Amino acid sequence: DCAPSLSLITVNALAAVDGVLIPMQCEYYALEGLADLTQTIDRIQQALNPDLQIVGVLRTMYDARNALTRDVSEELEQYFGKKLYETVIPRNIRLAEAPAHGLPVIYFEKSSKGAVAYLNLAAEVLKKSKVKKGSKA
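Per this note's numbering, the very first residue in the sequence shown carries number 649; after that it's consecutive.
Treat the hints as calculated values from the structure; they're not laboratory data. A quick note: this is a predicted structure, and the numbers were derived from the prediction, not measured. In this text, a Cβ means the ideal position worked out from N, Cα and C, and glycines have one as well. Don't take every hint at face value.
As the list claims (entries may be wrong) - Think about it this way: if two alpha-carbon atoms lie no more than 25 Å apart in a straight line, the pair counts; the simulated BS3-like pairs of lysine-lysine are:
no., residue 1, residue 2
1, K758, K775
2, K776, K731
3, K775, K761
4, K761, K731
5, K730, K778
What the hints assert, rightly or not - Each pair of labels, with its calculated beta carbon distance range:
no., residue 1, residue 2, range
6, K781, I741, 34 to 42 Å
7, A683, G750, 30 to 38 Å
8, E680, K776, 21 to 29 Å
9, E734, L656, 30 to 38 Å
10, A683, K776, 18 to 26 Å
Produce the complete structure using the sequences and hints provided.
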């Protein structure tokens, strides 16, 4: 887990791992930042870590009522295809409130849309990792 910047710590982390899951806010400036990140990942693959892969992109702060959210989501679908997780993390007040109470959202309010989305994401990540492990055998 790294801060959303391309600091030396982030570059070192990318040089050390095999895969990266990119959380992506469905907003314009986040899309610009994603372009910088993918270029950095390409450079690290070439120079330091040829095993580095983008294992998935997760849409966060998702609001289907917002046209920009839908536009950004379509861009992500076109560019990342199957690497884009089906699960989306919605804008949800419980996700914002849980840290103020010192709790993960699944302990704060397990039935909230945000908590359910993260549980769905966990299931999707596990399913994809099992499929990937099965394909190597």
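Status of each hint after checking the structure:
The straight-line distance between the Cα atoms of K758 and K775 is roughly 21 Å, inside the 25 Å bound, and the hint therefore holds. Between K776 and K731 the CA atoms are separated by roughly 10 Å; this keeps the pair inside 25 Å, and the hint holds. Between K775 and K761 the CA atoms are separated by roughly 21 Å; this keeps the pair inside 25 Å, and the hint holds. As the CA atoms of K761 and K731 are separated by approximately 23 Å, the hinted pair is consistent with the 25 Å bound.
Taken as a hint, the K730 and K778 pair is honoured in the structure, with Cα atoms around 15 Å apart against an allowance of 25 Å. Range check, K781 to I741: about 37 Å between beta-carbon atoms, so the 34 to 42 Å window is met. Our hint of 30 to 38 Å for A683 and G750 holds, since their Cβ atoms are close to 36 Å apart. For the hinted restraint 21 to 29 Å between E680 and K776, the CB-CB distance of approximately 27 Å keeps it satisfied.
The supplied range of 30 to 38 Å is met by E734 and L656, whose beta-carbon atoms lie about 34 Å from each other. Range check, A683 to K776: Cβ separation about 24 Å, and the 18 to 26 Å hint holds.
Of the numbered hints given earlier, the model fails none.
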